Amino acid sequence: MADFRDLFTRLGGEIRVINLGLESFAETLEAMGVPVLHVQWSPPAGGDPERARLLSLLDDEDGS
Amino acid sequence: MTTRTTFKRSFYQDSVALMGLARELRTGAGVREAAALMGTPANLALMAEAGLLTDEARAAGPNDLVIVVSAESAGEADAALARAESLLTARRARVEASGRRLPRTLDSAARQLEGANLALISVPGAFAAAEARKALRRGLHVMLFSDNVRLEDEIALKRFAVARGLLLMGPDCGTAYLNGVPLGFANAVPRGRIGLVAASGTGLQQVVTLLAAAGEGVSQAVGVGGRDMSEPVAAAMTLAALDALGADPSTELIVVVGKPPAPAVRASVEARLRALGKPAVVAMLGREIATGSAGPLTTVATLEDAAAAAVARRAGRAFQPRAFSDVATARHRVKEYRAARGPGAAAVRGLYAGGTLAYEALLILEPLLGAGAVGGNLGGHGGGPHRVLDLGADEFTVGRAHPMLDAALRVEEIGRAAKEPDTAVLLVDVVLGHGAAPDPAGDIAPALEAARRGRRGLAVVASVVGTAADPQALAAQTARLEAAGAWVLPSNAQAARAAACIAGEARVAEALLAGGGA
Chain Z
1 MADFRDLFTR
11 LGGEIRVINL
21 GLESFAETLE
31 AMGVPVLHVQ
41 WSPPAGGDPE
51 RARLLSLLDD
61 EDGS
Chain G
1 MTTRTTFKRS
11 FYQDSVALMG
21 LARELRTGAG
31 VREAAALMGT
41 PANLALMAEA
51 GLLTDEARAA
61 GPNDLVIVVS
71 AESAGEADAA
81 LARAESLLTA
91 RRARVEASGR
101 RLPRTLDSAA
111 RQLEGANLAL
121 ISVPGAFAAA
131 EARKALRRGL
141 HVMLFSDNVR
151 LEDEIALKRF
161 AVARGLLLMG
171 PDCGTAYLNG
181 VPLGFANAVP
191 RGRIGLVAAS
201 GTGLQQVVTL
211 LAAAGEGVSQ
221 AVGVGGRDMS
231 EPVAAAMTLA
241 ALDALGADPS
251 TELIVVVGKP
261 PAPAVRASVE
271 ARLRALGKPA
281 VVAMLGREIA
291 TGSAGPLTTV
301 ATLEDAAAAA
311 VARRAGRAFQ
321 PRAFSDVATA
331 RHRVKEYRAA
341 RGPGAAAVRG
351 LYAGGTLAYE
361 ALLILEPLLG
371 AGAVGGNLGG
381 HGGGPHRVLD
391 LGADEFTVGR
401 AHPMLDAALR
411 VEEIGRAAKE
421 PDTAVLLVDV
431 VLGHGAAPDP
441 AGDIAPALEA
451 ARRGRRGLAV
461 VASVVGTAAD
471 PQALAAQTAR
481 LEAAGAWVLP
491 SNAQAARAAA
501 CIAGEARVAE
511 ALLAGGGA
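Chains as they are written, first to last, in this note's numbering: chain Z, 1 to 64; chain G, 1 to 518.
One chain only, chain Z, in its complex shape (with noise of 0.2 Å):
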């Protein structure tokens, strides 16, 4: 287990967030001056649950 005793100092001051999902979670986010980028996101693997877990599985053999 890694250390979580700095965990809210790595976090440092600001929490900069990406956004997937409910847009407005980003734009609540937006309006308090919180930095958010949103992503347009769609299902991927043509909306096949099990093929999209299977290929972020593959990247993960990448190591990327």
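There is no bait here: all hints are sound.
Below, a sample of chain G positions facing chain Z; criterion: calculated Cβ distance under 10 Å:
(1) Ala17
(2) Arg104
(3) Leu120
(4) Ser146
(5) Val181
Since the hints were made in silico from the structure, they are not lab data. For clarity, every value in this text was computed on a predicted model and none was experimentally measured. Don't be surprised by glycine CBs; every beta carbon is placed ideally from N, CA and C.
With the hints as your guide, set chain G onto chain Z.
For chain G alone, kept in the frame of chain Z given last:
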């Protein structure tokens, strides 16, 4: 009547945007029903059930947006579809006018947003674990708002996160506060000295809003998801969050909110809490909880007591749980309501938007009304006559938005319960904050008014989870409910007790309202 369909290929929209679109379309002239859904097999099945699956819609795929409108006339249905088209075009034009080019994947977003440190993920559950994995690999902390993530995925994601010193909050994490930023469904609360770890979003909301009312603020609040303290997940994220809060100089007291964990997990959480050297309050929402203080730990059984015990501890006072904050008013109102009760009306109907609030109400009502006497959909022991429904449970939300966003289902249930002759009390929660509906009290108030008009002596008992600084404003939402005839109490626990005092046997009210600070 005419039903018309349109669908737009490869036009993914999130569920909140779709709900807003459908709601807008339903206000059109002559429109009886409107649905805007992505063409997943589950959604197509729902549309078939509702008799809305036209031949055109049948051909839709999961990334295709399907809009179906039923209207009095063909002209009105066509007008509604045209309106949908213009709303979607306007939305797209707004994004383009802002000059931004939104990334289409998490990886490209991480390249664009320099210093990104958190991914807030609320995509459909079936895809959520894969996105969370990508985010963790990029070194991002993750708040996983999505539900319906498989347990084995949760375990693997948390193992991966813990090994890298990253937070994996969730799945089904509704609320968190990191460095003063409210994430997900969150109330506007001040920053302060109390750090929280919560297995429940609405539970966390109730505690932080009550802390705010007492002048206390939040240093950090980590959501861990409802299963974190289960045996297979073994409190992986709770323990990590406790280490972080223990070392955080701005956190002076720690509050943990959850259901009673497996014994081995409970032992490890309590041992970690003792080792941190900070005072801590543990709210265990469960049956037969041994409450009290031992060393730095205070164990309580309700969300309100968690906030009250934390406030007392910080003020150097002993904590005394209390049934009502204003006993004199409670005594007076209970007497009035009991006198007005119709013949045969002796049942509580809890109709909840917040899952943990519903569960807390069940736990409070059971010993007061009889363990076998409270039914509902939360694993209550009994089949009635009393009932507590969590309307945000999966069985109610398939293909529709959560009741914290869309009140339609609760409005129906209020109408249904008011028609049952044995209903004495409608017990409801209203949850405010970022992410919640713009006017949740106003959404249900007309149904509550109608219920009271149709049934003499029917009591409506409510609580509002919110703060003055919330976008909906606590005072205004409370006033709206009161104008609809509701008795609004300062917490869900007090509301549940008030309901039991009104509907239960006389001895319940006598016991809860005896003595104590009139």
